[in-house]
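My request is simple: use the sequences and hints to build the entire structure.
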Amino acid sequence: SAERPDRLGVVLVDGRDGVAAGGCHGDGLRVCTDVPHVTTHLTANDPVRMREFAQSLSAELKRRAELLGLSSFAEWHTRREVSGRIVA
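Start counting at 1 in the sequence shown, then tack on 43, and there's your number in this note's numbering.
Careful, some of the hints might be misleading.
As the list claims (entries may be wrong) - Cβ pair distances, simulated, as ranges:
(1) T83 to V125: 27 to 37 Å
(2) R73 to R94: 14 to 24 Å
(3) L104 to P48: 15 to 25 Å
To be verified - Derived SDA-like pairs: lysine to any residue, alpha-carbon spacing no greater than 25 Å straight-line:
(4) K105 to M93
(5) K105 to R123
(6) K105 to A117
(7) K105 to T82
(8) K105 to V53
(9) K105 to V54
FYI, nobody ran anything at the bench for these hints, they're computed from the structure. Bear in mind the structure is a predicted one, so any value in this text is a computation, not a measurement. Think of the CB as a built atom: it goes at the ideal place given N, C-alpha and C, for glycine as much as any other residue.
Structure (structure tokens):
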């Protein structure tokens, strides 16, 4: 990714209960947790953590919708880039 790990975090959600195709037990996406942008790994067999993740994701989407207001993301992003520039 072009973004630094402190600006972009990735949550791996493994919906296969840690069971690989063919019924063999495996690590699923857990093997990818060393990738720089990965912050955590969730599996479907942990309903408490999955519910907490869903609630956090819902809250973040609501926060971002409020931040954008009636603007599209492209409009918001353009305004943000322009406001950060120094005009000489």
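Verification of the hints:
T83 and V125 have their C-beta atoms about 35 Å apart, which keeps the hinted 27 to 37 Å range intact. Checked against the hint of 14 to 24 Å, the pair R73 and R94 passes, with Cβ atoms roughly 20 Å apart. Checked against the hint of 15 to 25 Å, the pair L104 and P48 passes, with Cβ atoms roughly 22 Å apart. Our distance criterion of 25 Å between C-alpha atoms is met by K105 and M93, whose separation comes to about 18 Å.
Note on K105 and R123: the hinted pairing holds, with a Cα-Cα distance of about 19 Å set against a maximum of 25 Å. For the hint pairing K105 with A117, the CA-to-CA distance comes to about 18 Å; that is within 25 Å, so the pair holds. Only pairs whose Cα atoms come within 25 Å are accepted, and K105 paired with T82 is accepted, the gap being roughly 21 Å. As the CA atoms of K105 and V53 are separated by approximately 19 Å, the hinted pair is consistent with the 25 Å bound.
Pair hint K105 plus V54 holds up; C-alpha atoms about 18 Å apart against a cutoff of 25 Å.
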